[in-house]
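Novice: Residue strings, one per chain:
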Amino acid sequence: MAEAVTTLLEQSALPAGGRVLAETLHLAILPARAVVVLKLGARAQRNAGEIRIAGRPLPVAVNRWSGDDPVFCRVGPDAWLLASAQHGAADLVEAARLGCRRKSCAITDVSDANVTLAIEGPQAADLLARGCGLDLADAAFGQDACARTRFAQLPVVLRRVSHERFELMADRSAAQWLFDWLQDAAVAVV
Amino acid sequence: MGHRLDRGGHIDRSQRLSFRWNGRRIYACAGDTIASALLAEDVAIAGRGMKYHRPRGVLSAGVEEPNALVTLGRGATLEPNVRATMVPVRDGLEVRSQNAWPALGFDLGRLFDLTSPLWPAGFYNKTFTWPSWHLYEPLIRRTAGLGPPPRLPDPSRYESVNAHCDLLIVGAGPAGLLAARTAVRAGLTVILAEQDYECGVELLRPSAVLDEEPAITWVAGVLGELAASRNVTVLTSTTAFGLYDHGTAGLLQRLDLGGGRRAVRERYWRVRARQVLLATGAIEQPLVFGHNDLPGVMLAGAIRQYVNRYAVAAGRRIVLATNNDSAYLAALDLAAAGVEVPLLVDSRIAAPAALVDRVRECGVEIVMESVLVEADGHRRLRGLRLARRGPDGRIAGAREIECDALGMSGGWAPAVHLYSQARGPLGYDETRCCFVPRGDLAPICAGAVTGAVTLEEAFADAARAVRLALERAGVPMSAPVEVPAVDEPAVSAHVGPVRGDAPGRRREWLDFQHDVTVSDVRLAWDEGFDHVELIKRYTTAGMSVDQGKTSNRNTLLVAAELRKERPAEVGTTTCRPPYTPVTLGALAGRQVGERYAPRRLLPAHAEHEAQNARWWEAGGWMRPACYPGKGESPGAAVAREAAAVRAGVGIFDASPLGKIEVRGRDAARFLDRFYINHVATLERGRVRYGLMLNESGVVIDDGTFARLDENHFIVTTTSGGASRIGAWLEEWRQCEWPDLEVFVTPVTTQWATVAVAGPRARELLSRFETDVALDAASFPHMALREGRFAGAPARICRVSFSGELGYEVNVPARYGAALWRALLAEGAPFGVVPYGIETVLLLRLEKGFLHVGVDTDGTTCPADVGWGEVAARKKSDFIGKRSLTRSDNLRGDRLQLVGLTTTDAAALVPGAHLRLAGTQAGSDGWVTSAAHSPALGRPIALAMLRGGRSRMGETVSVHEQDRRGAAMVVPTPFYDPEGRRLHG
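In order, the protein sequences belong to chains A and B.
Just so you know, we're using the working numbering here: the first sequence kicks off at 38 and counts up by one.
Just so you know, we're using the working numbering here: the second sequence kicks off at 198 and counts up by one.
Keep in mind the hints are simulated off the structure, nothing from the lab.
None of these values were measured; they are calculated from a predicted model.
Every residue, glycine too, gets a C-beta built ideally from N, C-alpha and C.
Errors might be hidden in some of the hints.
[Claimed, not checked] Straight line, CA to CA, 20 Å or less: simulated EDC-like cross-link-like pairs of lysine to aspartate or glutamate:
{"no.": "1", "chain 1": "A", "residue 1": "K140", "chain 2": "B", "residue 2": "D906"}
{"no.": "2", "chain 1": "A", "residue 1": "K140", "chain 2": "B", "residue 2": "E907"}
{"no.": "3", "chain 1": "A", "residue 1": "K140", "chain 2": "B", "residue 2": "E724"}
{"no.": "4", "chain 1": "B", "residue 1": "K323", "chain 2": "B", "residue 2": "E907"}
{"no.": "5", "chain 1": "B", "residue 1": "K827", "chain 2": "B", "residue 2": "E804"}
{"no.": "6", "chain 1": "B", "residue 1": "K323", "chain 2": "B", "residue 2": "E938"}
{"no.": "7", "chain 1": "A", "residue 1": "K140", "chain 2": "B", "residue 2": "E938"}
{"no.": "8", "chain 1": "A", "residue 1": "K140", "chain 2": "B", "residue 2": "E804"}
{"no.": "9", "chain 1": "A", "residue 1": "K140", "chain 2": "A", "residue 2": "D172"}
[To be verified] Residues from chain B shown here face chain A by an in silico Cβ test under 7 Å; the list is partial:
{"no.": "10", "residue": "V461"}
{"no.": "11", "residue": "Y625"}
{"no.": "12", "residue": "R797"}
{"no.": "13", "residue": "T942"}
{"no.": "14", "residue": "Q947"}
{"no.": "15", "residue": "V969"}
{"no.": "16", "residue": "G988"}
{"no.": "17", "residue": "A1010"}
{"no.": "18", "residue": "A1019"}
{"no.": "19", "residue": "E1023"}
[Stated by the list, open to error] Pulled a few chain B residues facing chain A out of the computed Cβ check, cut under 8 Å:
{"no.": "20", "residue": "E356"}
{"no.": "21", "residue": "N359"}
{"no.": "22", "residue": "H361"}
{"no.": "23", "residue": "P795"}
{"no.": "24", "residue": "W813"}
{"no.": "25", "residue": "R860"}
{"no.": "26", "residue": "T946"}
{"no.": "27", "residue": "A1014"}
{"no.": "28", "residue": "L1016"}
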């Protein structure tokens, strides 16, 4: 009898890499990152400002993000996304567990469910306006803004990283379709 | 005769263009529209009336054009019903007339005109009732209508864009430009939309003077300032077609048609504006007299615009007829351009003396208190008959005059359409003879749309409006609005009679596009359709694609005359979107073809592709239906795969199966409220199958729920129901039971799921290193184990949708492709086969397992599918429980799920209807699922049958279109009814 199979190889939804759509518009698939959903009960939500994960506080305002790595996005009254390129999902889950000790909460690893695309350049907001109804002007969607919304019919989390850079976190199953959609939309933008 | 003037105009004479009009080459200048180019070439007939096919010429110079509707292009890019007045000429453009056969000049449809007494308003409601309207409808549709739709898929690119602004300004005429400049200077973000391809519109004429300079200089200055500002978007060739709640507006931008396949043809802007300012102007209305639809009869403002903007005179000898002052200004401009205007007919008693003097100084004869009676001519205007109105309004003397063009002005109707769409209140202005916006409710109106008749009034009103907008935006005005000084003759707003009291014998047309006359309105009135909304529907006045922009006001006046009421008492009809027609292409945008809906791929998509998967799109997922071998039909592949699963082992990619984590102290209580069976009693590590109902007791989904821990469940749903059920749970949690401590997290795509099914499934899984004990005693049917599988974290469920020993192996999606490859490789010695969704559906049919949404519909309750007792046994409450006791749900003759079997394969197809013995008509049910069972060697089906469960052994007739067969009602499962195999 042959040896038992001991290892399965990992495979990302899309290979990471950049695509220059124009000088003013870059599209990139970011390497797979750990993503964890943190949900807090009613009382814990009210005291969310007191919770520190990996030494940093959670953002209190809804639709705001904070941190560098890990990044914390408050995407709803009861929901935060914790994302990290440096830490693994298990570490992130553990850090969240420690931070939310004795709190009513649920911590779920969704790293494999998501893919993150970066859209960068002076025309990034123009491109995103093709698929998303949010007001992406600086005043309305600033550099600490994030939102769970619909983009090109898909549920996504949109985050503004800087004036000209946005990140779009979407379901991995639709990653290829979304990537093609963005490339096609860019034709009219550039 | 229409002709090009030697000088003037806002066109580039150095840039010669040409296009084809019904095959004839027409030359034009850059800046011309199709309409101006046709007029310059003396093309009198530009279209035919919809009903009577009467020849019609260009009436207007703008969006209101009812006659000159043309078809652009051909083949896949053909676009019908385009207003020739709105399309700039492009070199090589192909333009054709519509609704005429065999030719525009000789149209046999004119027979309808010659026999018009037979076809009055509402004729088809009275005439074509026997034997059926549908017998006549195709013929009527062919003879009456507009341009033909394209028959080929449109290859053009359309797109939609979302935009936000502080202030959306609709209209870039004098008021719109002033408001935009002021708002932009104040720091608001502004979108300025102009339906014309140039801004300024009214200010582009040479006679307009602002700040002692040609107005065009002022326009250029404003546009230059706007272009240099970062907080304004100026959109030309863009029509705001709809204004909805909360400042949401739909804009249609027409872009260059000649930009190639990659260029965008039209862009649909979804604008969300904090405030809307409407500077939509006013539309000149026709006068009502006999034969007022002859080619050559135009709106005076249009004639003026063709001269000023395009250097085109609509005729050699142009008479003007009016009931207001604006035609006097037209006379001045025409005279200044060297066009002969022998006569100006005014229905009023008096006009401003200074204006009269200036016009008379240009050699124009003015006759007051006179109205047009009839126009003369066959296919174009040859002359006019006019008469004098006595002090009592009666017609006195008559006079005739030769001319080849008439510019008529029956007053101006403010373009209140968007304001009305936004539910802004309207009031009738007796002086101006039109409806105007009332009050300062949002949206704000400015300029001619409020009834302003002079540039000075328009600018002053724009200043008021923009101040109001800034005030509402909380932006203080530090300086007064910079209003330009206007140098124009003073005019009054007074509007006189639109129609004489003793008309001639010829028909007086109200709606040029739908061929509605004064006598049609009178007929409607005579037959009791006396309300303006009824008159509209009976006569169809204002119901064509122009939505009555040049007919509604006059129809209203005639209705008021008949009712012997003032127009204000008669009221007006309701404006609804769209203001102008919108192409389906623009509404669809890029959401066509491959981008119609997101296409979701399995983690092992490439592996399935390599195995020659035949794809089936289900619930947005690209799923393998089956894996045909070389030369193998899909049907044969399904049969082979099913046989392999029954005999050995197969693997199926079940990743789209919905998965939802439910956690928290109240998780069990929470889920108990959704399922018809008990959740709280489920032991840790065990799985249970359940049905979910809606409040009406109708089955909405099925699936399993597993208990991972005391307060941790994983719920599975149908693949198509994954997001819907996730939202359903969340909605109840948030809205109805916020007191429960429970958290719902969808994780469908976090996990790749491979179903391993068949008598040798356990053997195959045993080939992998795992800490999960797979033996039957340790891991029974309907159990779940967590552990590691080939090095990856895994959740393995022992469940079966095939009726065989089955497992569902879940690993994080990143391992999905590797797991699939490894199972195929390790299963090779067992003869493992990949099987697709069609095979799954066959296997479950043999077992009689329910497929919600296929075997059920929007009326199916648990008892109908054999789960009534389970639901009845559950004492605690769940969604839909109360509805199950409704008398209708307890009827014994409800449609119930049964098995059918027969020897006639052709009869059992999904959708075939069933009749019980003795039933001669109607349907007693239908086949929901059917297939030829390889395991049983005969056709089998599931069906919803009236009182089905009490009819075991009975024969029913099966009706599928023209085919008829018979089948026997049998219990399910068809295969392995004792369920021994899945417990193996």
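Novice: Tell me if the straight-line CA distance from K140 of chain A to E938 of chain B falls inside 20 Å.
Specialist: holds, 11 Å
Novice: Against the 20 Å threshold, does the CA-CA distance of K140 of chain A and E724 of chain B hold or violate the hint?
Specialist: violated, 76 Å
Novice: Please verify whether K140 of chain A and D906 of chain B have alpha carbons no more than 20 Å apart.
Specialist: holds, 18 Å
Novice: Would the hint linking K140 of chain A and E907 of chain B be met if the CA-CA limit is 20 Å?
Specialist: Between K140 of chain A and E907 of chain B the Cα gap is close to 17 Å, so the pair holds against 20 Å.
Novice: Please verify that hint: N359 of chain B, Cβ, nearest Cβ of chain A, below 8 Å or not.
Specialist: For N359 of chain B, the interface hint holds, since the closest Cβ of chain A sits about 5 Å away, which is under 8 Å.
Novice: Regarding the hint that V461 of chain B lies at the interface with chain A, is the smallest CB-CB distance below 7 Å?
Specialist: With Cβ-Cβ at 5 Å, under 7 Å, it holds.
Novice: Could you check if R860 of chain B really has its C-beta closer than 8 Å to a C-beta on chain A?
Specialist: R860 of chain B check passes; min Cβ-Cβ to chain A is 4 Å, inside 8 Å.
Novice: Let's test the interface hint: is any C-beta of chain A closer than 7 Å to that of Q947 of chain B?
Specialist: holds, 4 Å
Novice: Can you verify the interface hint for H361 of chain B: is its Cβ closer than 8 Å to any Cβ in chain A?
Specialist: holds, 4 Å
Novice: Against chain A, is P795 of chain B within 8 Å by beta-carbon distance?
Specialist: holds, 5 Å
Novice: With a cut-off of 7 Å on the beta carbons, see whether G988 of chain B makes it to chain A.
Specialist: Cβ of G988 of chain B sits 4 Å from chain A, so the hint holds.
Novice: Is the interface hint satisfied for A1010 of chain B? The criterion is a beta-carbon contact with chain A at less than 7 Å.
Specialist: This interface hint holds because 4 Å falls under the 7 Å limit.
Of the numbered hints listed earlier, those contradicted by the structure are 3, 4, 6, 8, 9, 11, 15, 24.
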